[in-house]
Structures are given as C-alpha cells and as structure tokens.
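K.L.:
Kindly generate the complete structure, drawing on both the sequences and the hints.
So the protein lines, in turn, are chains B and W. Under our numbering, the first residue of the first sequence carries the number 1, and numbering increases by one thereafter. Under our numbering, the first residue of the second sequence carries the number 1, and numbering increases by one thereafter.
Just so you know, the hints here were simulated from the structure itself, not pulled from any lab data. From the three backbone atoms N, C-alpha and C, an ideal C-beta is built for every residue, glycine too. Heads up, a few of these hints could be off.
DEER-style ranges, computed between Cβ atoms [said to hold, decoys possible]:
1) W:Gly15 - B:Asn51: 40 to 50 Å
2) W:Gly15 - B:Thr7: 24 to 34 Å
3) W:Ala77 - B:Thr20: 22 to 32 Å
4) B:Leu61 - W:Ser25: 22 to 32 Å
5) W:Lys59 - B:Asp1: 46 to 56 Å
6) B:Leu83 - W:Val43: 24 to 34 Å
7) B:Leu39 - W:Glu16: 42 to 52 Å
8) B:His73 - W:Glu40: 21 to 31 Å
9) B:Arg18 - W:Lys50: 21 to 31 Å
10) B:Gln67 - W:Glu16: 44 to 54 Å
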Amino acid sequence: DSGVTQTPKHLITATGQRVTLRCSPRSGDLSVYWYQQSLDQGLQFLIQYYNGEERAKGNILERFSAQQFPDLHSELNLSSLELGDSALYFCASSVDEGAGSPLHFGNGTRLTVT
Amino acid sequence: QQPVQSPQAVILREGEDAVINCSSSKALYSVHWYRQKHGEAPVFLMILLKGGEQKGHEKISASFNEKKQQSSLYLTASQLSYSGTYFCGTEIMTGANNLFFGTGTRLTVIP
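P.N.:
Written as structure tokens, this is what we have:
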C-alpha cells in the first residue's frame with residue numbers, strides 16, 4: 001500500500017459528460033502528479049502541483065483541469081469527454097517539489113467513456 | 001521530452017541477466033525507474049540524480065551517464081517476480097518538476 005488514495009476506482013460515463021477524479025496524497029507529501037495511461041501504453045504526464053500551486057504541465061488537454069486544495073488532496077476534472085479519454089488515470093505523490101524524490105502511485109481510476 | 005527505452009520487450013529464463021536502457025535528447029537532472037505489474041500501480045525502484053547520488057533498493061542497480069543523458073537498469077539473476085513493465089522517467093532540469101516516462105520495457109521471466 002503506497003498510502004496514496006484514489007477515488008473512484010472505476011468510472012463509466014457517456015461522451016460529452018464531465019467527471020472528477022480525486023486523489024489524497026501520502027501523509028507528509030506535498031507534491032501531486034497526475035498521469036494518464038491508455039491501454040498497454042506508457043504513462044503520459046498531465047500536470048503537477050506542489051503545496052497547492054501548479055508547478056508543471058505536460059500533455060494535458062484544455063478540456064482537462066486540476067487543482068490541489070489546502071488539505072493537499074487533488075482533483076482532476078475531465079469535461080466534454082470523448083471515447084479516446086478512456087484510460088487509467090494515476091495520481092502520484094512525493095515529498096519534494098522537484099523530481100528528486102520517489103513518486104508513490106495510487107491504484108488509479110479506470111475511466112470508461114461509452 | 002519523452003525518453004526512449006530499449007528494448008521494448010525481453011524474455012528471460014530464471015537466473016538470467018538483463019539490461020534496460022533509457023536515453024534522452026535533453027540534459028537530465030534525474031532519472032527514475034519504476035516497475036508496473038499488470039493491473040497494478042507503478043512501484044518505485046530507483047532514482048539517479050545528476051552528480052552521482054542514488055536512491056533506491058539495494059538489490060537493484062543502475063547507472064546514469066550524465067554526458068550521454070543515458071541510464072541503464074541492471075537486473076541480475078532474474079526471478080519470476082521481476083516480470084512486469086519497467087518505466088524510466090526523466091526530469092530534464094532541476095526545478096522543471098515535470099517527470100516524463102518512456103514507453104516501457106516489458107520483461108517476462110519464465111521458469
């Protein structure tokens with residue numbers, strides 16, 4: 001158990017809808033990263049927050065947004081969903097702002113868009 | 001910005017060794033290695049930092065060539081439990097905070 005909690009575990013929704021994925025980082029970790037993993041694909045970096053502030057952006061679509069709250073949990077919002085958004089979305093947390101410390105991954109949220 | 005991994009897949013018999021490579025076209029600050037078993041979350045193996053510092057498990061070894069922006073993960077005397085997909089992640093400069101992962105190397109260890 002990494003200590004990172006992601007909810008829900010599974011999400012099935014229709015095209016055009018909006019969903020919110022939630023992540024609670026490991027106790028003491030201030031950084032949260034979001035990754036998208038399509039079927040049998042690699043981990044696509046979406047966005048990173050540190051102590052409530054956005055620190056880095058990757059290949060995140062404009063339809064996607066995220067935030068980190070004062071209690072350090074983070075939410076990833078996906079809107080105007082398309083079939084191609086179906087994927088496993090991972091949240092990871094680490095102690096540091098930079099990538100000099102290990103990332104601890106949650107078990108992911110599997111999103112299916114029908 | 002995404003690093004390139006090789007090989008894409010490898011099959012080993014128990015006890016054999018393997019090397020997985022990771023390279024970047026950009027100057028790197030850190031290289032991460034993770035293993036993901038099917039249907040599970042990636043698990044941290046090792047970090048190699050510019051300057052030579054390493055953080056990770058004692059049984060895992062890796063190298064980081066700062067001049068060539070390349071890293072290699074060495075798996076020796078492989079066990080069935082080593083099976084999975086190995087990802088390298090690279091941070092291209094300190095403070096950038098982005099950690100981009102390669103496409104992975106699928107390792108299968110057979111009896």
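K.L.:
When the structure is checked against the list of hints, which entries are broken? Sort them ascending.
P.N.:
Hint check: 2, 3, 5, 7 and 9 fail, others pass.
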